[in-house]
Amino acid sequence: MMSGLRESIYSNLLIEDRWLMMTDGLANTLRVALWSVLLATMLGAILCAVRMYSRNWARNCVKLYVELMRAIPLLVLLLLLFYVILADSSLSPLWIAILCFSLYFSAYFSEIFRSGIEGVNRGQWEAGLALGLTPWRTFIKVILPQALTKIIPVYKGQMITLVKSTSIIGYVAVVDLTKAGDLIRSRTFDAFFPLLLVAAVYLLLTLLLGLLLDLLEKRLNPKSRKI
Amino acid sequence: MKRLRFVLIAALMWLSSCGERKTPDLTDVNSVEDLKGHSVAVAMGGSFDLMLSDIGGVDIVRLGVGELLVAVEKGRAEFCIMDQFQAVMLNLESRGLEMKFKDILKGTAGAGFRKSDSLLCSQFNDYLRGIRVSGEYDRWLDEWKASSDSMAYASFAVPVHEKEPGKRALHVGITVNYPYLFLKDNRLTGIEVDLFNRFCQEAGYPVDYEIYDFSALIPALNSGKIDVILSHMRRTEERARQILFSDPYIEGGGAAVCRRANGTVAVSGAGFMERMKESFRNNLMEEQRWKLMTDGLWVTVRISVLSILAAVIAGIVMCRLRMSRRRIVSSPAGFVIDLLRGIPLLVILMLMFYVVFASSRITGTWVTVMSFGLYYGAYFGEVFRTGMESVDKGQWEAGWALGMGRFQVFRKIALPQALSRIIPVLKGEVIALIKMTSVVGYVAVVDLTKASDIIRSRTLDAFFPLILVSVVYILLAWLTGLGLKALERRMVSKSRGL
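The listed protein sequences derive, respectively, from chains A and B. Take any residue in the first sequence, count from 1 to its spot, add 25: that is its number in the working numbering. Take any residue in the second sequence, count from 1 to its spot, add 84: that is its number in the working numbering.
These are computed hints drawn from the structure, not numbers from a lab. None of these values were measured; they are calculated from a predicted model.
No more than 20 Å apart at the CA atoms, straight line, and that leaves these computed lysine-lysine pairs for PhoX-like: (1) A:Lys88 x B:Lys569; (2) B:Lys477 x B:Lys496; (3) B:Lys361 x B:Lys375; (4) B:Lys268 x B:Lys229; (5) A:Lys88 x B:Lys511; (6) B:Lys569 x B:Lys511.
Kindly generate the complete structure, drawing on both the sequences and the hints.
Shown next as structure tokens:
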């Protein structure tokens with residue numbers, strides 16, 4: 026058992042510096058995940074704002090966009106962007122993947138934000154305005170902190186989903202963690218070890234992310250804050 | 085705070101160091117060595133992939149076999165290396181492409197067998213020797229070489245053999261790749277399939293073909309998923325250490341294909357509607373390709389329905405265990421749920437297929453259903469749990485005070501209230517599950533997405549199949565949403581109608 030493991034580690038990771046493939050893959054996974062979270066959050070916030078506080082036609086457009094994104098599989102969207110919509114652009118596959126994830130998850134994020142903000146009692150708005158705060162200050166000081174406590178737990182789950190979903194970007198020739206495992210497998214023909222390793226790394230990633238977001242959740246919770 | 089900002093800036097700089105593409109200058113590329121510094125699309129795990137990795141300095145774009153030409157056409161790679169016979173058979177000129185040089189890694193290809201299966205291998209070798217002597221081999225190859233796109237292959241393709249008692253069915257792993265193995269009129273045909281069918285007919289084996297990614301073939305063979313690799317696999321030292329190669333039955337090499345130097349694609353004067361009509365005919369009507377799509381849709385629907393059922397059952401079990409008052413039950417359940425939610429579904433799927441159920445002859449469909457059942461069971465279980473926990477404790481106590489039993493309170497009071505909270509959340513998860521089935525192509529299941537991949541690899545049309553598939557998925561999601569909304573309405577009114 027132990028010698029088999031040592032043999033596996035040697036042939037899958039050490040020989041020909043194959044571990045470099047794994048670390049490069051991990052770097053790409055992280056790149057796509059971090060950029061996508063960043064962009065999707067921003068875009069999601071904008072979509073949410075439009076959906077909640079703008080004219081009818083813009084609201085309907087956003088609604089349609091969200092419905093569309095929630096109905097189409099991520100993989101199909103990725104392939105569509107890669108081979109059809111952005112086929113003639115000079116964007117690298119990595120950026121196309123980031124764009125795809127941002128577009129897709131912004132729809133989910135915007136809905137999470139919306140339900141969080143709508144979950145705050147209307148009276149809170151009125152109270153803020155009655156205290157003489159501007160609408161913007163009311164939003165920032167009164168509504169948002171309360172909404173965040175509702176948003177963060179759901180947001181966390183969606184973020185972890187995003188990180189895990191990046192495992193499909195191998196389809197458009199980006200060598201991510203999963204694809205790196207595949208690549209090693211295609212050379213060593215060992216089905217077991219690379220897969221297990223990849224699974225462990227993902228697990229570690231999502232656990233770390235979960236912990237980080239738990240911390241954030243605690244810090245953002247107004248109840249735990251000293252006034 | 086200052087340090088945080090520094091870290092953020094450093095992270096952003098690292099993130100933005102993602103590569104950019106260069107403008108191509110391909111005039112003086114005439115050998116494999118010249119490919120250095122260019123982007124080259126190859127089939128992942130194939131011999132050209134290994135060759136380019138060994139050369140180094142080449143920007144390798146690893147894709148599925150069927151996507152190579154499209155990648156070059158769309159400028160995703162400057163070159164692609166593909167089988168030269170295939171490059172001749174496909175009409176490169178009309179797509180604005182040209183063959184730059186060929187005879188890369190010239191060699192012979194054969195079928196692959198498991199090391200322990202030398203009997204089958206020698207049987208196949210005997211057959212090959214036999215037809216070489218009788219001249220049937222030459223006739224077979226000439227016929228194929230002479231055939232053009234329009235020819236009716238079916239006239240000389242031998243049908244799959246009927247199952248005979250006492251003989252085991254051979255599971256053959258293939259990669260769809262014109263003209264060796266492809267689907268025509270929704271039936272698998274091609275040079276290699278034809279040869280192997282002839283062999284099986286003579287030897288009396290029933291055959292079962294399964295479609296894999298090229299890089300997955302050898303692991304699938306060695307883990308016992310398939311008995312034979314039939315994918316014009318070239319014999320290399322590294323591969324020969326893993327599997328048993330038959331005598332070669334086909335010769336070939338690779339050809340480097342790029343966009344024509346001065347050529348732009350000859351855009352026909354036809355309007356948008358005309359082109360759409362042409363695409364429609366080419367991708368769906370010709371060779372009854374629509375049947376592949378409807379079969380794929382059926383597989384997607386079947387897998388979705390079975391997976392949802394499995395996930396609901398698994399979810400109920402996990403919810404029950406997780407909510408158990410005994411720590412010894414609830415904490416392992418919580419651990420398993422976290423584990424399942426922490427690993428990508430694709431990785432779970434491959435783990436189940438290649439590791440857990442490696443040596444069992446269970447089909448990809450059932451492995452998929454089990455993986456999806458487990459994975460989404462963890463999600464469903466948590467949804468059920470939050471639903472159950474949201475029911476006020478007082479409701480239970482009220483039930484008991486009325487003299488109801490535990491089960492009765494659950495059934496009559498807690499469940500209806502919980503369901504009205506569970507179903508809206510569950511709706512999203514169910515639709516997510518349906519969409520997620522698009523990855524099952526990885527484990528040799530031909531679903532809707534894979535069906536479109538196969539069509540794409542044959543028609544080399546990137547646009548139409550993908551759009552069609554998206555529309556079908558959108559429709560599926562929409563219909564599911566409607567169905568669940570109806571269910572939701574019934575559930576809510578039921579709990580109200582007390």
